[in-house]
Amino acid sequence: MVLRGLSLEADEGEIIGFIGADGAGKSSALNAIAGVIKFEGKISFGDLVYSNPKESQKLKPLLGYMPQGIGLVLYDTLSVREHLDFFADVRDLKKDAAFEEYEKRLLEMSGLSGFLNRRAGDLSGGMKQKLSLICTMLHRPALLILDEPTTGVDPLSRLELWEILKQNAKERGTVAIISTAYMREAQKMDRVLLFDDGEIIPTLGDDDASLEESFFQNARKKNKILPEIKISNAKRVANAGEIVMNAKGVTKKFGDFTACRAIDAQLKSGEILGLLGANGAGKTTFIKTLLGLLQIDEGELYLLDKKISDANDRKELKSKIGYVSQRFALYDDMSVRENMLFFASMHKIDAKRSLELIDKYSRELGFFDYLDDMPKDLPIGINQRFSLATAILHEPIILFLDEPTSGVDVIARAQFWKLLKELKEKMGMAILITTHYMSEAEFCDKIVLLKDGEKVADDSVLNLYKRFPNATSFEEIFLEFYK
Amino acid sequence: MRFRVVKAFFVKELLELIRTKIILMPYVMPIMIVILFGYGIKMQVVGARVLIIDNDHSKISALLTQKFQNSRYFNAALSNQSEAEALREMKKANLDAILIIPPSFEKNLLKNVKSELGIFVDASFPSRANTVETYVEGTVLSLASEMGAPKSVITLNNRNLFNEALRDEEMIVPGLLGLVLFVAPAILTALIIAKEKEKGTIFNFYSSSVTKLEFLIAKLSVAFTLHSLNVFILFALVVYLFDLPFRGNFFLYWLSSELYILVSLGMGLLISILVSTQILAVVLTLMLTMLPAFMYSGIIMPINSMSGEAYYIAHAYPVMYYNHIVYDAFLVGSGFESAKNVEYLLILALYALGFFLVGLLLLKKELKS
Chain R
1 MVLRGLSLEA DEGEIIGFIG ADGAGKSSAL NAIAGVIKFE GKISFGDLVY SNPKESQKLK
61 PLLGYMPQGI GLVLYDTLSV REHLDFFADV RDLKKDAAFE EYEKRLLEMS GLSGFLNRRA
121 GDLSGGMKQK LSLICTMLHR PALLILDEPT TGVDPLSRLE LWEILKQNAK ERGTVAIIST
181 AYMREAQKMD RVLLFDDGEI IPTLGDDDAS LEESFFQNAR KKNKILPEIK ISNAKRVANA
241 GEIVMNAKGV TKKFGDFTAC RAIDAQLKSG EILGLLGANG AGKTTFIKTL LGLLQIDEGE
301 LYLLDKKISD ANDRKELKSK IGYVSQRFAL YDDMSVRENM LFFASMHKID AKRSLELIDK
361 YSRELGFFDY LDDMPKDLPI GINQRFSLAT AILHEPIILF LDEPTSGVDV IARAQFWKLL
421 KELKEKMGMA ILITTHYMSE AEFCDKIVLL KDGEKVADDS VLNLYKRFPN ATSFEEIFLE
481 FYK
Chain A
484 MRFRVVKAFF VKELLELIRT KIILMPYVMP IMIVILFGYG IKMQVVGARV LIIDNDHSKI
544 SALLTQKFQN SRYFNAALSN QSEAEALREM KKANLDAILI IPPSFEKNLL KNVKSELGIF
604 VDASFPSRAN TVETYVEGTV LSLASEMGAP KSVITLNNRN LFNEALRDEE MIVPGLLGLV
664 LFVAPAILTA LIIAKEKEKG TIFNFYSSSV TKLEFLIAKL SVAFTLHSLN VFILFALVVY
724 LFDLPFRGNF FLYWLSSELY ILVSLGMGLL ISILVSTQIL AVVLTLMLTM LPAFMYSGII
784 MPINSMSGEA YYIAHAYPVM YYNHIVYDAF LVGSGFESAK NVEYLLILAL YALGFFLVGL
844 LLLKKELKS
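From first to last, the protein sequence lines stand for chains R and A. Last residue of the first sequence: 483 (my numbering), numbering continuous. Last residue of the second sequence: 852 (my numbering), numbering continuous.
Hints are computed from structural coordinates only; laboratory data are not their basis. Just to be clear, a hint being listed does not mean it is correct.
[As the list claims (entries may be wrong)] With a cut-off of at most 20 Å between alpha-carbon atoms, the simulated SDA-like pairs for lysine to any residue come out as follows:
no.: 1; chain 1: A; residue 1: LYS848; chain 2: R; residue 2: LEU143
no.: 2; chain 1: A; residue 1: LYS847; chain 2: R; residue 2: PRO61
no.: 3; chain 1: A; residue 1: LYS848; chain 2: R; residue 2: VAL49
no.: 4; chain 1: A; residue 1: LYS678; chain 2: R; residue 2: ARG119
no.: 5; chain 1: A; residue 1: LYS851; chain 2: R; residue 2: SER51
no.: 6; chain 1: A; residue 1: LYS682; chain 2: R; residue 2: GLN68
no.: 7; chain 1: A; residue 1: LYS851; chain 2: R; residue 2: GLY69
no.: 8; chain 1: A; residue 1: LYS695; chain 2: R; residue 2: GLN57
no.: 9; chain 1: A; residue 1: LYS678; chain 2: R; residue 2: PHE87
no.: 10; chain 1: A; residue 1: LYS682; chain 2: R; residue 2: SER28
no.: 11; chain 1: A; residue 1: LYS851; chain 2: R; residue 2: GLU55
no.: 12; chain 1: R; residue 1: LYS288; chain 2: R; residue 2: GLN266
no.: 13; chain 1: A; residue 1: LYS823; chain 2: A; residue 2: TYR794
no.: 14; chain 1: A; residue 1: LYS680; chain 2: R; residue 2: GLN68
no.: 15; chain 1: R; residue 1: LYS58; chain 2: A; residue 2: ARG485
no.: 16; chain 1: R; residue 1: LYS230; chain 2: R; residue 2: LYS424
no.: 17; chain 1: A; residue 1: LYS678; chain 2: R; residue 2: GLY69
no.: 18; chain 1: A; residue 1: LYS490; chain 2: R; residue 2: THR77
no.: 19; chain 1: A; residue 1: LYS848; chain 2: R; residue 2: GLN68
no.: 20; chain 1: R; residue 1: LYS58; chain 2: A; residue 2: LEU850
no.: 21; chain 1: A; residue 1: LYS504; chain 2: R; residue 2: LEU78
no.: 22; chain 1: A; residue 1: LYS848; chain 2: R; residue 2: ASN52
no.: 23; chain 1: A; residue 1: LYS504; chain 2: R; residue 2: ARG118
no.: 24; chain 1: R; residue 1: LYS94; chain 2: A; residue 2: ARG485
no.: 25; chain 1: A; residue 1: LYS848; chain 2: R; residue 2: PRO61
no.: 26; chain 1: R; residue 1: LYS222; chain 2: R; residue 2: LEU193
no.: 27; chain 1: R; residue 1: LYS58; chain 2: A; residue 2: THR694
no.: 28; chain 1: A; residue 1: LYS682; chain 2: R; residue 2: ASP76
no.: 29; chain 1: A; residue 1: LYS678; chain 2: R; residue 2: ASP76
no.: 30; chain 1: A; residue 1: LYS847; chain 2: R; residue 2: GLU55
no.: 31; chain 1: R; residue 1: LYS38; chain 2: A; residue 2: VAL758
no.: 32; chain 1: A; residue 1: LYS490; chain 2: R; residue 2: ARG81
no.: 33; chain 1: A; residue 1: LYS695; chain 2: R; residue 2: ASP89
no.: 34; chain 1: A; residue 1: LYS848; chain 2: R; residue 2: GLU40
no.: 35; chain 1: R; residue 1: LYS54; chain 2: A; residue 2: LEU850
no.: 36; chain 1: R; residue 1: LYS222; chain 2: R; residue 2: ILE380
no.: 37; chain 1: R; residue 1: LYS94; chain 2: A; residue 2: THR694
no.: 38; chain 1: A; residue 1: LYS680; chain 2: R; residue 2: ILE70
All of these numbers come straight from a predicted model, not from anything done at the bench.
The following block holds chain A by itself, in its conformation from the complex (with noise of 0.2 Å):
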């Protein structure tokens, strides 16, 4: 590989972004992402409206009742409805949950018994439902333990273990890294090489003596100069803007989306070895990361309760193995120690080389014919 060629092309690439000022877009793409789907994404519920049937009516039962009136997250009534009357009220959509305390309650948890409360949760909207039952069950629990009850009297969903003020944007915006670090970096790849195409310049790699290695090394090289940035504008914006706390090793954060960001370039790579015009290139780029990202990042789903496709669909996509190990890197921080997070780095490290060695393979120095 001669450097004086590799440097030609990166020199000639980042004058050409300058001037057509496409240079702006590796910035302002994923800071207008993360903002906008950090402050857009609420999936905090507030005024839950929920339906309280006490049939127990005890003084226990009437303190969980004022928990929930005293909550700001619910809009709690009391009512003397049949549950069957309830659920007819909730299917018209003017519930969003109906607990049930069951007879016999106040006596059951005094004498540490395993009662059951019976809660319906409006499912027409997943994600709300989900966080609806949660804040209902996080409360019910809170009353378990202020009367020395054992907790196995409701169980828990694991997601709000560390994220004990149930805020979104502790939920979201480590997620968005992962999908903008995954987008952006393979659409200006993708550009690069398909505007050669697409304009006719490629016929000076083709008919001259740059070998393929070379070519690559100087394109990707720009793309990821300009992505490096990205790392720390990114976490600036996360920290500051959204004001997440950061827990973990920042060495562990910076390599991994340095990783993360090679494999994207290797994503669109393959891209524009496929396509020959600029539009296409980025079309295809954004539906072949933007959904699947967004998808199978565990934003909107947590991947360890998916099942069947969708479970091998999100361990497919390196995605899944960066946001692992941002979300510990901002909420956990175990870092090294995790073996989980050593691991994922090696995957991440084997996608990255794995896709440049694939595109290197299939880029041809000949046109289609």
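Isolated chain R (complex conformation) (with noise of 0.2 Å):
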């Protein structure tokens, strides 16, 4: 069972959170509310009541429905202006002067105007989600349900989405239910939900720490807790601050847009870089041209002191570099044993060997009571911890990590960055991370800040936050410069 025993009740205007991890429940209740997935019990709107999908078509044309995942419902071959038209068909929409005049309005709020013929395909993250939030609006719902609008959103976008609903529902009364992992929004919340484990947890307060706070106390009663990380007799794989990887004027060109321009960036041993940036910022485009998933179209890159210029450079390199994709590269069919066991022979390290770490591995990070189950049926949290100790098996002098922390809850997340920090101080390891959590960038060394393909910023925390005083948290200062 996914979900158990949820009343909940709404006013006009009102926008209700739900917040919690990946798996919590909270898709689910989206799900029911919105009539497309069987359920048990009763819900009204109005005067509208339903109990299965089949009753709630009554309500369809009222709801206003994002389910979650970045541009799931929009189709990539069309352009923005052939989205609006189609969705305008499809709700059956008059298209008078105040329909266009709306239309003209949320366009602007969304700041697509200017990107009309552009396939949504070829937009970035942060523009998808909001096309996908106007063409949900376009008809006016008076019930709005978006599941995660803003998760893989970068904060300037997401500011921008939260001033539309804001708006929509300050103007039009609409009741909306938004569900998010992020704490900090919360606070644009009316009233907020806790969901964990498919039932709603007590909240302790409105802020986030509050909220965070909450969470613990909840996990600490169900003893859920994930156990603690401990790295013991780990063999040092460099001393701090040799510098293992330098790019010199990265450039990566698609047809006319330049993904990266001119980029610089050092990491050294014993020292996390945080590499921030918005949706289409270039974050990943310069994180697959450091791997040679791409090549480079102009500038230089060294890794460990060796100028890499084609793909033979890197063969004798790969025994040093270890890799955390997105989706945590695994397979499904296989144990977690058999996957560690599988990439440990890719790295050619005999099967005796393979076998001690993976038990002393899965005995620090807290996974060995899970060596025989599918990846698929365990917590989030877990899979990524024995992905990382996948990553590491090898003992690579460089780890990247392109945003390993996604959809993973508060408690996982803060028992992740002190397993990162551990690798870091106790084995010397260089780690590149990307991240759209700026909380998470505190815990960085040193920060490179992309916009629009270009460098911004690089520099310690520290100093950023001597740069910008006024600036409460680091979400702050990565606004500031997006100004």
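Two chains, two separate frames, one set of hints: put the complex together.
This is the structure:
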């Protein structure tokens, strides 16, 4: 069962927030309210009452629903203009002057007016979410249900999305139910429901600190906190302070579009470098060029003092580099142990040594009890740990992590960062990480901030705070650069 | 049903198909199949190795032998071997057929007394054996008619009654229409519905007031429109490229083809309800349409010579009914006058309607839970 005994009432114009980790039951609750999944119980909206998807057909003209996933409801080959036309036709909207004005306003609010002819597939993640949102709002729904509209969206786009929502609630009295994985967004809601394991847990207060505390208390009560992490007798892979990666003027173009323009960046052993930027700023492209998944058009790249010019140069470096991709490249049909053995054999670690390492890491990283389970049956926090363990089996000097914490709950995220710190301090690893959680930036030693394919900041977190003395959080610093 | 909603989906679908270039699939695939199979499957046999054992040693038996030796279909040799020896040769795959002329063959023939010619055909490849047997029978029969003897000497296979020339194209190509028009529309339909499920855009249907009927009509009409053009393209291909005669009623051909496309669309619709990824939709549709359409279409084996389960499966699949109409349209030409054609046309209509209604019933505006 994914959701038990949820009761909820909402007033006109109210924005209700569902907060919780992946798999906590938020999406199931939203699907049920939207009437697109079977459920037990009863839902009423105004005079409408429904208790199954079939009966909810009456609600559909009033409903605006945006399911979870970036650009999920968009058609990649259709332009922004064609999307608006399609949704207007499907919703059977009268195209009068009032409609045109409303449409124009939505486009302006979302900043999409200048991209009418761009195809959805070519929009950045944040723009896709904004287009999805205005398509969902085009028929002025009385009930707006949004499932994690801001996940994977940069802070700037997030602010803009919220502005549209706030305005809509105020002007039209729309009831909005919005789920999010960001505690910080709780402030923007009128009321917040905390989800955990299919249940609503009590809230201690409205600010994000109390919300986080609510989750911790609940986890403690249910005895659910993941085991602590500790790395013992780690072999040092490098002395702190050596330059292990040096990118000079790295440029990558796609046709006329320059995704990365002359980026310089340095990574030292025993250092965590945070790569930040809005959607479409060039983070992923940059990390892919560093990994050799994309060819560099201009500039130079040195990894461990070796100049990289083609794939051959990387061959011998493979054993020195570890990589955890955004979606954990695990095989779903193999158990955790089998997955790890497979990756160990790819790195030519002999079987006996592999088993020792698996035993060691699984105990120290607290997933020993899960070794014979399939990854898909495990909490995402555990998958994240064993993906990381897999990436460090061969004791690499450099570790690349692409949004490893997306969708992971607060508690697991905090423990994950502790683990990274251990790797950095005890083993001297150099870690390059991308993230959308600005609060995580504070754990990095150095920040490289990208904007429109260019580097706009490269400094320590402390120095950045000095530069913007009025900032109370890193998110505010981030937004300063995007003003 | 609101026309505007259907049109919106229709236009969107067409734009997507054009921009992803999938629009080529409905045309490239059928044309490829027809050309590949049309030229590729050769059941025609040239130079079959026949051993003739003449126990009569008469003028007529010599004439028969000569007829075999003069035919390009046969590579015939006269021998004094015993039957057992000849069969041993066949076992070693040195012979395709053995013809045994009985003693007093000439005498019986002149007296109109039934005489029995022994024919052994190597049946390791059944369809080739079938053809060789037909050729041998045909040759013997032509001798009998030259001599003015009654035809009861040898019974003939029905298969070459309309097909005097024994050209493979005439045997196979009309059947290929029944194959491609069954496979291709089903795949396109299954694909354009599964695509929405796989990507998540299906939520635009789930969470809006669009009805099941509107959604299905929109989806099916795209595939139907695109494939309707195929009815003419394939006709041109068959008549001009493969040089087949068209003896029947074009209206009947067109009507039955459109109905048959609807049947195929229904098939694709049912499959798309079961699956939620495009790859599964394609694989499943290919499996459920391609193999049976080929096996039970009458291309490689006449349906009236099937028995037991095979006979029932052949009748359960709509392929057989369409093929009958198409063979008739190209090679016979009895048109609407043939009661069987009309009956089969109705059966096709029932299939189309049935599939659509079942699909409409099974399609749910909700996520699988």
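When the hints from earlier in the document are held up against this structure, which numbers fail? none
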